[in-house]
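J.: Next come the chains, spelled out residue by residue.
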Amino acid sequence: MTTQVLNSSTAGKTMSKTKLSFMILLLVGLVAPYAIYPVFLMKVLCFALFACAFNLMLGYGGLLSFGHAAFLATGGYITGHTIMQWGLTPELGILVGTACSAAMGFVFGKLAIRRQGIYFAMITLALSQLVFFLYVQAPFTGGENGLQGIPRGNLFGLISLEGNLAMYYFVLAVFVIGFSVIYRTIHSPFGQILKAIRENEPRTVSLGYDVDKFKLVAFVISASLAGLAGSTKSLVFQLASLTDAHWHMSGEVILMTLLGGVGTIFGPIVGATTVVTLQNYLSQGPLASWVPVILGLIFVICVLLFRSGIVGEIQKFMKKNFN
Amino acid sequence: MKMLKKLMCSAIVSAMAASTAAQADISDNEIRIGYLADMSGTYSALAGPGGLEAAKMAIEDFGGKVNGKKITIVSADDQNKPDIGANKVRQWIDVDKVDMVAGMVSSAVTIAVNKVVEAKDKVSLVSGSASSSITNQFCTANSVHYVYDTYALAHGTGEAVVREGGDSWFFLTADYAFGHAMESDVTEVVKESGGKVVGGVRHPLATNDFSSFILQAQASGAKIVGLANAGADTTNSLKTAKEFGVVQAGQKIAGLLIFLNDVHSLGLETTQGLQLTTGFYWDRTPETRAWSKRYFDRTGKMPTMVQAGIYSSVTHYLSAVKASNSDASSAVMAQMKKTPINDFFAENGRIREDGRMIHDMYLAEVKKPSESTGEWDLYKILRTIPADKAFRPLAESKCKLVAGR
Chain A
57 MTTQVLNSST
67 AGKTMSKTKL
77 SFMILLLVGL
87 VAPYAIYPVF
97 LMKVLCFALF
107 ACAFNLMLGY
117 GGLLSFGHAA
127 FLATGGYITG
137 HTIMQWGLTP
147 ELGILVGTAC
157 SAAMGFVFGK
167 LAIRRQGIYF
177 AMITLALSQL
187 VFFLYVQAPF
197 TGGENGLQGI
207 PRGNLFGLIS
217 LEGNLAMYYF
227 VLAVFVIGFS
237 VIYRTIHSPF
247 GQILKAIREN
257 EPRTVSLGYD
267 VDKFKLVAFV
277 ISASLAGLAG
287 STKSLVFQLA
297 SLTDAHWHMS
307 GEVILMTLLG
317 GVGTIFGPIV
327 GATTVVTLQN
337 YLSQGPLASW
347 VPVILGLIFV
357 ICVLLFRSGI
367 VGEIQKFMKK
377 NFN
Chain B
15 MKMLKKLMCS
25 AIVSAMAAST
35 AAQADISDNE
45 IRIGYLADMS
55 GTYSALAGPG
65 GLEAAKMAIE
75 DFGGKVNGKK
85 ITIVSADDQN
95 KPDIGANKVR
105 QWIDVDKVDM
115 VAGMVSSAVT
125 IAVNKVVEAK
135 DKVSLVSGSA
145 SSSITNQFCT
155 ANSVHYVYDT
165 YALAHGTGEA
175 VVREGGDSWF
185 FLTADYAFGH
195 AMESDVTEVV
205 KESGGKVVGG
215 VRHPLATNDF
225 SSFILQAQAS
235 GAKIVGLANA
245 GADTTNSLKT
255 AKEFGVVQAG
265 QKIAGLLIFL
275 NDVHSLGLET
285 TQGLQLTTGF
295 YWDRTPETRA
305 WSKRYFDRTG
315 KMPTMVQAGI
325 YSSVTHYLSA
335 VKASNSDASS
345 AVMAQMKKTP
355 INDFFAENGR
365 IREDGRMIHD
375 MYLAEVKKPS
385 ESTGEWDLYK
395 ILRTIPADKA
405 FRPLAESKCK
415 LVAGR
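Line order of the protein sequences matches chains A and B.
Residue numbers 57 to 379, in the numbering used here, belong to the letters of the first sequence in order.
Residue numbers 15 to 419, in the numbering used here, belong to the letters of the second sequence in order.
Note that these hints are calculated values from the structure, not bench results.
Take the hints with a grain of salt, since some may be wrong.
What the hints assert, rightly or not - Subject to a maximum C-alpha distance of 25 angstroms in a straight line, what follows is the list of computed SDA-like cross-link-like pairs (lysine to any residue):
id: 1; chain 1: B; residue 1: Lys111; chain 2: A; residue 2: Gln141
id: 2; chain 1: B; residue 1: Lys134; chain 2: B; residue 2: Arg177
id: 3; chain 1: B; residue 1: Lys412; chain 2: A; residue 2: Gln141
id: 4; chain 1: B; residue 1: Lys111; chain 2: A; residue 2: Ala222
Chain A on its own, in the form it takes in the complex:
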């Protein structure tokens, strides 16, 4: 009984701590565009959301998907296409893009969750490669050229998103919504069972849970949020290209998540910020052609020295010294 009380009180404490950090982050997010180039910040936010969605599966469900690029690209292409060809408003375009990613996530999930571990990763990789070649050939994606000049349009038909600041706050809002969905998912009974599956699947089965169903739902949530990130990104940059569908992108999101800290709520945000910042600033200097090598080195160092990622290590440190 006492342990239970203790547990819930510490849980409450960490909860309020998370909320506090979230408020601080939100505040930083609100002020940031006055100091830093907004388009860069939007890129960070889109990738942070993408990494958070990925983390939901790897960090909390223990499912390593190697095909998340497919969802990012689907969101982007569908949003771009519907806005350009059907004249949808941005928010509708994003919703349609996200819905398509969710549908694709359902199909991928149905097929992939039948296997575990490396086989699961390989199936997702194979499926995302199928999607990649589909996008190379499909006429509506523009192949290597990509979709270019997607208009940002007017939000709800009223607010123009052409200005970088307006667009930034819209992206920030999308990010906060996506992040809240993830936060809510993790801290729900559903999230508890997901974690139980990660820790010990046969035991969860023996407790009477339909494990496949839970995994599938997690997969679909993760895929739709990745699609949401892709849709938003295509509006920010006004283009959708094959880079998003390439398996490099699936690898990059793994790097972001691992670097930031798998299974921590803020880890992917930190990881995405680090990776995007490095790519952005190194690409101008003399180290431009060394970016992949530097990222690779960082990955190796991360795996060797701080396996739980930046946020994971900080949490460990705090627990050790301030508890």
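We have chain A already, so just place chain B on it with the hints.
T.: Chain B alone, transformed into the frame defined by chain A:
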């Protein structure tokens, strides 16, 4: 408090920026040029670092200043990816206040960048890209397509080949904007001249293994294998074709876009007799020789037509800025279109309303090893294709800027 200060600062800065722009002067007292190209990949040899050097030469020769205002240059590697190129240019314009973008190689990147440049109302000078769609369906009032395009290549090389009896074609096409434009332009020429296209295959950009494509080309039975690709893709296909004995088996290869550096790296043994269309050859007139010699001294290589075009286009831009004493895109573009171009690169070149710079093109043939007198003595010029024949006539244009469209 700090934030309030920042807000005020940014408000003041933007107010100042607005007022200077209204005066039609040189914005923030500096002319900033962004050089965007593939610096390390498939197309890096034809423009890349050499093109950056050419742009720097142009700035130095101009004295580093226009009407007392300093000229600066920044550069970036677009990795042939439209998203990277477009984002870079967006950031250049928003943050670094770049006035003009030069270079630009991959057509997909160029079309994406031109959309950004148009939206931000700056200037872009395209020297590296080939796709004729840049001044056709994708034309903008803010860009100039300077050196060559697929229409010119198709009409130069394509016509010459068909005239010599090459009336059935098989295409090996790079699968993106440039390859598609090249293929459709040549197809048109072949059909007009009474030939036919028996088939084609598309390969991804930056392919290493061409054997399956070359085998398909051999199996097609076409007299001519047209290479609608460029850079390392062309050299790789030519090498593979040599290994498979395409020419020995009786087929001919038509390289539709071949640069001086491609011929140099493949060697005359492999490339002899190849006919090609070029906008510039270093050993053509005393002026071209003099400029190319200076370029050679700096880089250790003779310039490709793209690198020469970058020098010429940047110089033309700077002269226009000087004459109009403004870096506002409308003033500079009007001045550039008004002034004919007469330098080592072009004689009586002019920029049309669709942004196409028209000048004489040259049909060249790669020399036999026995004819060549030096490492860079590679072409003989067969004939000059006059400017009005070389490029797509305005009457056929789909560009929104051409009157009556």
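J.: Decide if the proposed pair is consistent with the structure: Lys111 of chain B and Ala222 of chain A, CA atoms, cutoff 25 angstroms inclusive.
T.: holds, 21 angstroms
J.: Is Lys134 of chain B within 25 angstroms of Arg177 of chain B, Cα to Cα?
T.: Not OK: Lys134 of chain B and Arg177 of chain B at ~46 angstroms, beyond 25 angstroms, violated.
J.: Below or equal to 25 angstroms on CA atoms is what counts here, so check Lys412 of chain B against Gln141 of chain A.
T.: With a Cα-Cα distance of about 20 angstroms, the restraint between Lys412 of chain B and Gln141 of chain A holds, given a limit of 25 angstroms.
J.: Is the Cα-Cα distance between Lys111 of chain B and Gln141 of chain A 25 angstroms or less?
T.: violated, 33 angstroms
In the structure shown, a violation is registered for the earlier hints numbered 1, 2, in ascending order.
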